[in-house]
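Visitor: Each protein sequence line maps, in turn, to chains A and B. The first sequence runs contiguously to residue 1309 in my numbering. The second sequence runs contiguously to residue 333 in my numbering.
Derived from the structure by calculation, the hints contain no laboratory data. Predicted model, so just to flag it, every value in this text is computed and none were measured. Hints may contain errors.
Partial list, derived from the structure: chain B residues whose beta carbon lies under 8 Å from chain A [unchecked claim]:
#, residue
1, 63
2, 77
3, 118
4, 144
5, 172
6, 175
7, 182
8, 212
9, 289
10, 293
11, 296
12, 305
13, 330
Note that CB positions come from ideal geometry on N, CA and C, so glycine has one too.
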Amino acid sequence: MARAVTNRRKALNTLVAWSVGLLIFFPILWTILTSFKTEAQAINDPPLFLFFDWTLENYAVVQERSDYMRFLWNSVIIAGGSTVIGIIIAVPAAWSMAFVPSKRTKDILLWMLSTKMLPAVGVLYPIYLLFIELGLLDTRIGLTIVLMLINLPIIVWMLYTYFKEIPGEILEAARMDGAALKEEILYILTPMAVPGIASTLLLNIILAWNEAFWTLNLTAAKAAPLTAFIASYSSPEGLFYAKLSAASTMAIAPILILGWFSQKQLVRGLTFGAVK
Amino acid sequence: MATQHSRSAARIMMAPAVVLLLGWMLIPLTMTLYFSFKKFLPLRGGDLGWVGFDNYVRFVSSSAFWPSVQTTLIIVGGVLVITVMLGVLLAILLDQPLWGQGIVRILVIAPFFVMPTVSALVWKNMFMDPVNGLFAHLWKFFGAQPVEWLSDAPLFSIILIVSWQWLPFATLILLTAIQSLDSEQLEASEMDGAPPLARFGFIILPHLSRAITIVVLIQTIFLLAVFAEIFVTTQGSFGTRTLTYLIFQRVLESQNVGLGSAGGVYAIILANIVAIFLMRIVGKNLDS
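Here chain B stands alone, though its shape is the one from the complex (with noise of 0.2 Å):
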């Protein structure tokens, strides 16, 4: 149906949005591997020259690299397990019938709305603070020592933060992924006398296997960056140093840009690995 007219303006109207995107895409990550092969130190001298793979194999023998590494994939995976397991729970929930639905949904997605300082900061100072925070006041309450969570627990801390934010993220999408399931087959399954373990485990599980698929993905990808939480609360410290803030601080704390930019590559590969098999799933479904 297309005319070569039509085609032809077409392709201008999208010469603006790719054209942008291509420049953004590309030019930075030119300069990157560009500066990832240099000895570049802006305040101690400058340029100091190429220095090949130096960077590459220094970022990852430095003793921060791998302590770095296992902290990303704990938060990383630990974040996914909670609002994953935690979002069936609830998507199910909801997905029952009750009054005052709409309130309770409204009241579950809120805290996704909330800008990552604000949340790491009313958690980090209300809560968790061990003098005034409401924590502290709890476990006083109950006669318990109060806990100095953001040394004593760094991660576990942070992971909380983290989950509170994207548990809504991770409910809302299973909650739209629930009600798409064809109701007649769990009324069939209930009248057979399927007990409501194997309803979930035959039925709602596989149905919401390609939604889980994507909340992985999807949350993997911004919680492989997840910077403001721990710039606010631990500033990297007590061993909450992730990849992403590792580079941070190569690159504008200590200024040590060749290394930081060769961090940065490896971030961005870490990153596309992910990637690929998202694209794959919004590839399909664009076919369909």
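The following block holds chain A by itself, in its conformation from the complex (with noise of 0.2 Å):
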């Protein structure tokens, strides 16, 4: 960008896009604020916004009375399983369909890519039987199951995206020298594909954390993730606001923090490339 800009131009645009996005923002602030209230001060009219007596009380009894960490712990467990088993899955496929393409690997691509059309609640009866008849309803393993097949196709077609920008003369050159299918994958392949797969983890980490469908009807109370555990305070546990906001803050902040990591990968998976 080769524009000169005034500043004051650049001011104005500055205080223009803050604005925007404060106010963009304002509703998880305000989360975050009122959770370090007191119930009275959390409906004080009118509403305060900073002076007033932090307390990490809620954050306490949010804990004792509920058990958040059991909820926490299914999310940790269904996210991160559902993810890594996927991967696991999926970087075989990927990387075949990378560097030994066939006539039909764009038809298979896109296929996969269908199966994530599929509207979930198309599904919901057939899934739900199953599950009764494996005993798998409210269960931890039954839910990563499902989390994993419904982000196969986007792992698949993220690392697809990332292998396909490893060039094929490394690989051509490795093969001249005599390296196995084996040493090839392990010894260059791992090596530069690691960011790609790191990246993909990321996003699918946050896919599955914030699912909401699955998680809701395939759950009750063992098994039940926060998603879950955040619309059980639906009514009437829900006006007290400031448990509300101290249960959803620490529902929200972990994944907060990996998106801010994970931007520019948001673009790449969820368009399946079509915008870089």
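Since each chain sits alone in its own frame, please combine them into the complex, following the hints.
Guide: Given below as structure tokens:
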């Protein structure tokens, strides 16, 4: 950008952009602030912004009353587990499609994507029934499998677009030098693929953590992750704003932090490489 | 360059992913199709035999069907219009030189990472509650009567919540697309004296058209499936029952599986119509 920009214009841009940014961020900020208030301060009229007695009490109460750590642990297991299993299954598939493409590779990729478009509600009862029959209802393993399957197409696609960027010449050179398939993968591809795999991991943990159709419909008390735990605040507990805020803040904080690291992968992962 | 050996190895490496996804697609889909031709009420007699296309006809002729289609269209359309229009404006704004660009971008993107149940509950209770919500305080401050958002303006409220969640996605993708715009082209037009509006209409917007199409298609697929936001706010009452929510109620709440499955087949067909367009664009991109 060689355009000369006056400082005045830049200042104006900054002012507008920051105002809009803060406006969009406000609900999150407000939730975080409210989580440090007492219940009375949380519904005070006029609303209190910064000048109130900051307290950590809500966090202690939420943990004590609802066994928050159990739901958190469920979320960690389900989101982490489904992502890791998905990547283990997807890496070989994406590798072979990126480096040994055949005539059908494109069709297979598009078909995989099409399974992602299947509306969950259309297969709700079959999955529900299978879960009952197999004893998977309200279990972490059942939910892990389902979330792995719904995110598998995205994982394959993301890995595929990353692997595609690894220059093929390096592989050919390795083959000329007599590297076997196993060595090729272990010593050449893996190191080059690690950043892509890490990005895929990050984005899919976020997607699985926030998934709120299957987690709501296939769990009850035992295997419920944070999405379902928060939904249980619907009413009347939800009217205790400070506690609702504390529970919400704890549920979104880890993902907000991970999310900030994954902005660029978000675009690539969710547009299936169509926008880079 | 691929040898026979590496070809068969490639097939084996692909197998687990392909087999799993094939099973994930075919088994439930076959079951849904199977149930859709049956009178099946798990709590009231179970499998009551084949009924042909009865469920399909009944699902469409039930009094809840057309309102749910209308609700779905209003929510999807409303969110699309809001997120795309504001997304374009925000993307242009964030592309301008400004101080603290990185931080502003983080602020704008943040809502996308909030889980749907949290954003729905926070909006419902802390903003839209007619007694203690922030909007109620604001309205009272200006001497107005607080609004019962979720019962008086239920669709608007849900559109607002869902738009807040998806605006970051649209903004981020459009921003990525704008940043790939050749800045020399813009400079040249600026020197030729093209006014900002003309630059926007003739250079920026055409350049963004592909990204906008992608945003619209991807969001449509996700928006057709909006569930948690309705589940924790209105539970489908006050005219907020979308097609997705209607099917959910038929299947799990009233346990009319045959009827719900027929609805499910309609939803699958609908989603596939949108998906075909998306796949074409993505597929074209694969070739290049």
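Visitor: Hint by hint, say whether it matches the structure.
Guide: Outcome of the hint check:
Because the closest C-beta pair between residue 63 (chain B) and chain A is about 7 Å apart, less than 8 Å, the hint holds. Below 8 Å, beta-carbon pairs count as interface contacts, and residue 77 (chain B) has one with chain A at about 6 Å; its hint therefore holds. Interface hint status for residue 118 (chain B): violated, as the beta-carbon distance to the closest one in chain A is roughly 15 Å, over 8 Å. The beta carbon of residue 144 (chain B) comes within 5 Å of a beta carbon in chain A, closer than 8 Å, and the hint placing it at the interface holds.
Interface restraint check: residue 172 (chain B) against chain A, minimum CB-CB distance 7 Å, threshold 8 Å, status holds. The closest approach between the C-beta of residue 175 (chain B) and any C-beta of chain A is roughly 12 Å, which is over the 8 Å cut-off, so the hint fails. Because the beta carbon of residue 182 (chain B) sits about 5 Å from the nearest beta carbon in chain A, less than 8 Å, this interface hint is met. Using the Cβ-Cβ criterion of 8 Å, the hint placing residue 212 (chain B) at the interface with chain A is satisfied: the shortest such distance is roughly 7 Å.
Evaluation of the residue 289 (chain B) hint against chain A yields a held restraint, the C-beta minimum of about 5 Å falling below 8 Å. The restraint placing residue 293 (chain B) at the interface with chain A holds, with a minimum CB-CB distance near 6 Å, inside the 8 Å limit. The beta carbon of residue 296 (chain B) is positioned within 8 Å of a beta carbon in chain A (closest approach about 5 Å), and the interface hint is therefore held. For the restraint placing residue 305 (chain B) at the interface with chain A, the shortest Cβ-Cβ distance is roughly 6 Å, inside the 8 Å limit, so the hint holds.
The interface hint given for residue 330 (chain B) is met, as the beta carbon of that residue sits about 5 Å from the closest beta carbon of chain A, less than 8 Å.
Violated hints, in rising order: 3, 6; the structure is consistent with all others.
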